[in-house]
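Note that the protein sequences, when read in sequence, are chains A, B and C.
Read in our numbering, the first sequence has 773 at position 773, and its numbers run on one by one without any break.
Read in our numbering, the second sequence has 1025 at position 214, and its numbers run on one by one without any break.
Read in our numbering, the third sequence has 1276 at position 136, and its numbers run on one by one without any break.
Honestly, the hints are just simulated from the structure, not real lab data.
Note that CB positions come from ideal geometry on N, CA and C, so glycine has one too.
It is possible that some hints are incorrect.
The calculated DSSO-like cross-link candidates involving lysine-lysine, where the alpha carbons are at most 27 Å apart (straight line), are [to be verified]:
| no. | chain 1 | residue 1 | chain 2 | residue 2 |
| --- | --- | --- | --- | --- |
| 1 | C | K1259 | A | K774 |
| 2 | C | K1208 | A | K436 |
| 3 | C | K1183 | B | K986 |
| 4 | A | K595 | A | K609 |
Derived, one-sided and incomplete: chain C residues facing chain B with beta-carbon distance under 10 Å [stated by the list, open to error]:
| no. | residue |
| --- | --- |
| 5 | A1181 |
| 6 | T1234 |
| 7 | C1236 |
| 8 | P1237 |
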Amino acid sequence: MTNSWTDIKNTDLVIVMGGNAAEAHPCGFKWVTEAKAHRGAKLIVVDPRYTRTAAVSDYYAPIRPGSDIAFLMGVIRWCIENDKVQWEYVTNYTNASFLVKDEFGWSDGLFTGYDEEKRDYDKKSWDYKIGEDGFAEVDMTLQDPRCVWNLLKAHVDVYTPEFVENICGTPRDKFLAICEMIGECSAPDKVMTSMYALGWTQHSKGAQNIRGMAMLQLILGNIGMRGGGMNALRGHSNIQGLTDLGLMSNLIPGYLNIPTEKEPDWETYMSTRAFKPLRPNQTSYWQNYPKFMVSFMKAMWGDAATAENDWAYDYLPKLDVPTYDVLRMFDLMHHGRINLYFCQGFNPLLSFPDRAKLTRALSNLKLLVVMDPLETETAHFWENHGVYNDVDPAEIQTEVLELPTTCFAEDEGALVNSGRWLQWHWAGGTPPGEAKHDTWIMAGIQRRVRALYEAEGGVLPDPILNLTWDYADPFEPTPEELAKEMNGRALRTVPDPANEGAVLVEAGQQVKNFTQLQADGSTACGCWLYSGCWNEDGNNMARRDNTDPDETGAYLNWAWSWPVNRRILYNRASADMQGKPWAEDRPLIWWTGEKWEGYDVPDIGVTSKPGEVMPFIMNAEGTSRLFTRAMMRDGPFPTHMEPFESPLANVFNARMRGNPVSRMFEDDAQNLGSSDQFPFVATSYRLTEHFHYWTKHNPVNAALQPEFFVEISQELAAERGIVNGSRVRVWGKRGEVWAKALVTRRLQPMTCDGKTIHVVGIPLHWGFMGAAKKGWGPNSLTPYVGDANVETPEFKAFLVNIEPAAEEPVA
Amino acid sequence: MTTAPQPTTAVSNPPVQPMDLNLLPSDVIRASATYDLPEPSRQLEKVAKLIDISKCIGCKACQSACVEWNDTHPEVGENVGSYENPHDLTAEMFTLMRFEEWVNPDTSDLEWLIRKDGCMHCEDPGCLKACPAPGAIVQYSNGIVDFVHENCIGCGYCVTGCPFDIPRISKVDHKSYKCTLCSDRVAVGQGPACAKACPTQAIVFGTKADMIEHAHTRIEDLNARGYDNAGIYDPAGVGGTHVIYVLPHAEKPSIYSGLPDDPRISPLVEGWKGVTKTAGMAVMGIAAAGALLAGFFTRGSRVDDHDEQEAERLVEDDLGGPDKGTGAG
Amino acid sequence: MNIDLSRRGFLRLAGAGVAATSLGAMGFGEAEAAEAAHVRAFKLATTTETRNTCPYCSVACGIIMYSKGDVKAGETAEIIHIEGDSDHPTNRGTLCPKGAALKDFVHAPTRLTKPRYRKPGGTSFEEISWDDALNMIARAIKDDRDANLLQVNEAGQTVNRWTTAGFLAASATTNETAWLTYKTVRSMGIVGFDNQARV
């Protein structure tokens, strides 16, 4: 989230699209009901289903799964056509005025540079014209035909209300009513907030869905504003934290990158990370990359990381592919190329696509280690559970270790919420039986592996032997020790560069925040983004002062928020070019004539003059981007793409299946279904009674929603002879499931391109372990393909068939 | 020990230090089959739980919180083509979200009407009137109607007596169960568990006067959104209730999963209520009739149609009909 | 009829309906009714409070756990109730149907209590000691890493990556666990590293 949960109360209009906040985030959704009750805010819901969020909405419109880009580009087109644009914001705070290379273009659904063989773009033309002064060329009048604004206008021209109706199945009048409501928020003092979640990410073009809305929010001038923003509602309690901390194939804590093979040495690695400003006077904050990176290397390897050995750069693995994400890993596993696999509190058998493939993949492992508080399906993948898990244990040679861990109640530390708040919690219960903290388990593994290398030698022992491990008890580092390590400290006395003779931070002291980090090895910091969380003031994450001056919803003294306790990202953009808040009734920060001050930690140098230093300090442009240059694999603007399994051909280019640059493994390409066999569009989702695959273990939640079901319209039920509450079989190219049918008016057939589109709604939450009735989830059916940029699987739009079934499921 | 305060909200953290309760036997103003209660020495502030249908997202947090607070164990059932689980109120599930898909004839738009069902804590409680077991159902001066299970004989007359069809008889201990308005929490100055939990604060709790005032602000908001008939459900037929609703379509309560348009205590119960006194006296002297009553009271099963007919017959035979009861409350 | 007879015994003695009605009518219901009209004992009295965060979605509601026994005092503690923390600015004491039932997640019948091992082709898990389990893991890591860590690619560049092992990190562990996991996994050269955010 750019903003926070409590900030949502400041909004005028909420659009829930690509999510279902009332069901998946009920207590966060409270702030929508607060905005409605106290500000008269309105709520729009756009969703294939009339959800429980829709039940309390002011306006609902249906949409065909996987067609969101068309809808969003349609809204942008309507706003431009009807002058619903926050012009001062767009002109100055976005890259609308930047001129783009003449070679860049779009036709037949594709941008320039497409290579069908490689399924990739040559992105050279997707960039600004750079002038002789080394800066990007701009036209602040927005007249130049090559400026981003005019290219955008041309790009969205095709997305008329008729086009939207035809592609999305959203009735034209409903679409236009929503455009009108959204358009009002282009007034400088009106704000809309976007609340989205997996309904947008789980598509082969998920990142572009989100960009579509981000662009709309920029055009309306709603980024950086109280009550505005792009608010990704993260699905789990600490995936924000785990991602911040770089627990992904290609990441280093704080969104730094693991090097690739093309960066075999430190110098090459750093050369592409200079991030020089693209316009005069701009901050381009990523210029501090070397300070963050060196401090990270010192945190990892201490004295073994020196200037002479390029901070132990060789200790870092170098990638030969963009990522070894889960889809790639399970594909490699499927081909017998993975021997050892660890699952720490994660249940991939139910969470990833194409369960049959996953079962085969896990069966190829030598050793699977599962650490979890619960009996997961993954740990029991080899166990026969009749039709629910029809395997022959004798044929599965995988060794499995199932290790009991503590859960939240027995654990101390911080979780990062969707609004980037790091909140500390304390243990209150005794772990059951022999359950152990994950830290104890990880330390136990590290210490033992280290001991083996020490005793036996072996391949490349140094990164393991030299790993910083100065914990009081090496076998159980404490949360305090680990949090302090992430915050960072001075390894030797750091002089103050701005004040000769003065000391910035004494040797051994915690750094105040990342502004004190150095690139010379004098500081160590596990995660620069978290620097400030536990400094010499103590554990800021444990702060519990819930006062909120003038009730802005900021709560600056409650817990601690990254970065540097800032609650609303890009908050400089909440004020105009002179530094005066756009919305006088909801000021956030303002320029006093000498400095920035206000209700939040300013997202700009406190003495950076308005008009000189532009608001988006992390970007080399100083502005936000309506056009993303070559930063996304599938285009600098979002363009409509069909899901890989769709009842319709791409209207721009009938030969194009799915996202033209999504990675597709060969076996999986053969395993895609077509609408002649599988005529119905399926989509998967959560129900409010359950959390993922966890609460089926809880008898209370199991009682509230006991059994796997699918939702269909009355029309589809009539067409297939299905009775409400009866059992049905749902099958697709990759598998089949049996479920109860829930026939509802909340799903309605749609008409797209002359075809009737029926949607089959498939909730997750069921499996073969736990207290609820045994069942399946959607992932026995979902396709094995991910988003082109981030490889998030396409769970929200795929094809199935459905028919009545016998009372008891039979394989 | 300090005495607990009177509750004014559910938004507070429960105390862990022991304290004197503030909902006492002496605060009981009515008890089933008991006519000689002493006059209470004080009048507690009337409380109410307000359920605002327009803010309810049907998440069932109220059900969950109710189960956890009251330590009940609803069974894991099955899906029968509905979001309602369990499928009805049970002795282990005192509150239930009921879901109704309703097409508004004025707009042709679908509205998903979701209503939290449970005890209404009537000012004039039909259950208490119908109950023949002394002290099994009590009403406190703050409006809470509570079941005292120790005194319950499991006859099921409370079910018949309830205009909202709320109490349920346990198959395990043959006692009647329903929402207590978390009387044990109220006694220490807290609000009910469901109101505390409700994510959108569709359920709020406080003094009845505050709740009525709050309801009016909600109705203003709903009027502004085009719900011209939004209103409060606080039915006069049962003397008003201590669980009240804000209904967007208050002119037709029954669209909300059969919420009674004009709930009243059945005339049969009004009669039977009288019978518990006068018939009781009579029956004491008539061995045969006593045996008959004992038969259907002590087996602890729910009153069925046959029992009702029996009761009716008894009333009519012995007393000449229900309208001869006193009907006094 | 004996006024000292206990209610329970009295009800058992006579037909319940008869007894009940007569009790009320005969004027000695007052004392009994008053005695019985009590509310349930407040179950949180004298429990220990601990503040925590709901582990489910990213709203991160503040919760209070009520236990018999105090972990901080070195005692064995059993959590008997969990509810929302009204002081918390985000949830203000509210919880969703998952959060409101957290106590029964903590005490779920399918919580793991002992390390277990399943041998190749095995049809069930067997108990194993922690020490044996961790030693088995360390041995497997060492052997596979030594055999499969790629130090130099075809172009002769140092790459030091280990692709035959993978680690899937959680979604609800603390930052502190995540950091320790990061250090351990990355220092081994594992690149097949991911977390729940991927999906």
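Hint check:
1. C:K1259 / A:K774: With Cα atoms ~25 Å apart, C:K1259 and A:K774 stay inside 27 Å; holds.
2. C:K1208 / A:K436: Holds, at about 21 Å.
3. C:K1183 / B:K986: 22 Å, holds
4. A:K595 / A:K609: This hinted pair holds, its Cα atoms lying about 8 Å apart.
5. A1181: C:A1181 check passes; min Cβ-Cβ to chain B is 7 Å, inside 10 Å.
6. T1234: 5 Å, holds
7. C1236: It holds, given that the least Cβ distance between C:C1236 and chain B is near 5 Å, below 10 Å.
8. P1237: 4 Å, holds
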